[in-house]
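**Q** All chains should be built: construct the whole structure from the sequences, respecting the hints.
Protein chains in written order, with this note's numbering: chain A, 7 to 120; chain B, 7 to 120.
By construction, these hints were calculated from the structure, which means they are not laboratory data. Among the hints, a few may not be true.
As the list claims (entries may be wrong) - For lysine to any residue, the following SDA-like pairs were computed, each having C-alpha atoms within a straight-line distance of at most 20 Å:
no., chain 1, residue 1, chain 2, residue 2
1, A, Lys75, B, Glu33
2, A, Lys71, B, Val34
3, A, Lys71, B, Glu33
4, A, Lys75, B, Ala40
5, B, Lys71, A, Asp29
6, B, Lys75, A, Arg37
7, B, Lys75, A, Ala40
8, B, Lys75, A, Val34
9, A, Lys75, B, Ser32
10, B, Lys71, A, Glu33
11, A, Lys75, B, Val30
12, A, Lys71, B, Asp29
13, A, Lys71, B, Arg37
14, B, Lys71, B, Thr61
15, B, Lys71, A, Val30
16, A, Lys71, B, Val30
17, A, Lys97, A, Glu63
18, B, Lys71, A, Ser32
19, A, Lys71, B, Ser32
20, A, Lys97, A, Pro78
21, A, Lys75, B, Arg37
22, B, Lys71, A, Arg37
23, B, Lys75, A, Ser32
24, B, Lys75, A, Val30
25, B, Lys97, B, Glu63
26, A, Lys97, A, Met57
27, B, Lys75, A, Glu33
28, A, Lys75, B, Val34
29, B, Lys71, A, Val34
30, A, Lys71, A, Thr61
31, B, Lys97, B, Cys67
Everything numeric in this text was worked out from a predicted model, so none of it was measured.
There are 2 protein chains.
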Amino acid sequence: MNPNPIAVIDDGVIDCCSPLTSDVLSEVEARDVARIFAALGDPVRLRLLSMIASTNEACSCNLEKPLGKSQPTVSHHTRILAEAGLIEGEKRGRWTWWHAVPERLEVAARLLRD
Amino acid sequence: MNPNPIAVIDDGVIDCCSPLTSDVLSEVEARDVARIFAALGDPVRLRLLSMIASTNEACSCNLEKPLGKSQPTVSHHTRILAEAGLIEGEKRGRWTWWHAVPERLEVAARLLRD
DNA sequence: CAGATACATCGATGGTTGTCAATGAAAGAA
DNA sequence: TTCTTTCATTGACAACCATCGATGTATCTG
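**A** Set out below in structure tokens:
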């Protein structure tokens with residue numbers, strides 16, 4: 007669990023949606039789904055997510071150097087990914103350990119290909 | 007084909023990428039992939055794409071009213087979707103007919119779930 | 001306790017983006 | 001040709017966003 011709770015998009019709204027190719031999204035569906043894709047729509051966040059997802063766990067301290075971004079910037083991006091439900095953080099001691107949420111990636115994938 | 011040719015991301019760069027969960031994206035890969043997800047990261051474009059993708063063809067004139075957006079705004083969004091390779095436009099007579107590019111949706115889906 | 005470490009938050013700044021009115025360009029109709 | 005239709009482009013504006021230095025808040029160490 008994250009120390010400062012992060013508001014994640016309501017799962018109920020997201021899970022409802024059928025693929026883009028089969029139905030026209032409602033305005034409410036589109037707004038929430040767009041938040042997931044917008045989180046994926048930044049190159050720094052994509053690399054950040056791939057770093058976290060391709061390992062079991064990663065702490066922020068190990069992400070700054072390979073990304074070449076400042077600590078506040080990394081913190082900013084992890085927050086956005088977490089708010090989109092794509093990653094979750096667990097604070098142990100001084101470190102925050104991040105892990106990916108595969109079900110969330112699956113939700114996004116299902117919108118593109120059933 | 008579109009009357010004014012639209013620059014689409016190089017397919018070679020995109021097709022190269024393995025799922026986010028298996029490898030860390032390079033900066034170049036991340037930049038190009040982010041452009042696809044950024045195109046999907048707007049609610050109006052998501053509804054636009056789902057309207058086009060859930061029918062065989064759609065002309066811009068039929069998209070303005072259900073979207074509730076002005077004609078320049080719709081034109082702006084179709085351009086961004088086309089530059090991301092997600093839709094293609096064909097001009098026949100006075101109308102531009104848009105259709106989705108399933109292979110492109112598939113490329114994006116493969117990044118999230120192999 | 002004091003000092004160091006890991007991360008979040010704040011504030012500022014420069015760049016990007018969504019939106020629309022006005023205008024342009026091209027095709028068909030009269 | 002002149003008028004209408006369809007869509008792209010331009011220009012402008014407000015809102016948003018990525019970035020980082022400075023600061024705050026815990027947590028661990030000595």
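**Q** Next, verify each hint and record whether it holds.
**A** Evaluation of the provided hints:
1. A:Lys75 - B:Glu33: 13 Å, holds
2. A:Lys71 - B:Val34: Holds - the C-alpha atoms of Val34 of chain B and Lys71 of chain A are around 18 Å apart, at most 20 Å.
3. A:Lys71 - B:Glu33: 14 Å, holds
4. A:Lys75 - B:Ala40: 17 Å, holds
5. B:Lys71 - A:Asp29: Holds, because 18 Å separates the two Cα atoms, which is no more than 20 Å.
6. B:Lys75 - A:Arg37: 15 Å, holds
7. B:Lys75 - A:Ala40: 17 Å, holds
8. B:Lys75 - A:Val34: 16 Å, holds
9. A:Lys75 - B:Ser32: Answer holds: Lys75 of chain A to Ser32 of chain B is near 15 Å, not above 20 Å.
10. B:Lys71 - A:Glu33: Within the cut-off at roughly 14 Å; holds.
11. A:Lys75 - B:Val30: 16 Å, holds
12. A:Lys71 - B:Asp29: Measuring from Cα to Cα gives roughly 17 Å; hence the hint holds.
13. A:Lys71 - B:Arg37: 19 Å, holds
14. B:Lys71 - B:Thr61: 16 Å, holds
15. B:Lys71 - A:Val30: 14 Å, holds
16. A:Lys71 - B:Val30: The hint holds at about 14 Å.
17. A:Lys97 - A:Glu63: Cα-Cα ~12 Å, so holds.
18. B:Lys71 - A:Ser32: Judged against 20 Å, a Cα distance of about 14 Å means the pair holds.
19. A:Lys71 - B:Ser32: With a Cα-Cα distance of about 14 Å, the restraint between Lys71 of chain A and Ser32 of chain B holds, given a limit of 20 Å.
20. A:Lys97 - A:Pro78: Holds - the C-alpha atoms of Pro78 of chain A and Lys97 of chain A are around 17 Å apart, at most 20 Å.
21. A:Lys75 - B:Arg37: 15 Å, holds
22. B:Lys71 - A:Arg37: 19 Å, holds
23. B:Lys75 - A:Ser32: 15 Å, holds
24. B:Lys75 - A:Val30: 16 Å, holds
25. B:Lys97 - B:Glu63: 12 Å, holds
26. A:Lys97 - A:Met57: 18 Å, holds
27. B:Lys75 - A:Glu33: 13 Å, holds
28. A:Lys75 - B:Val34: 16 Å, holds
29. B:Lys71 - A:Val34: Between Lys71 of chain B and Val34 of chain A the Cα gap is close to 18 Å, so the pair holds against 20 Å.
30. A:Lys71 - A:Thr61: Roughly 16 Å between the alpha carbons, so the hint for Lys71 of chain A and Thr61 of chain A holds.
31. B:Lys97 - B:Cys67: 13 Å, holds
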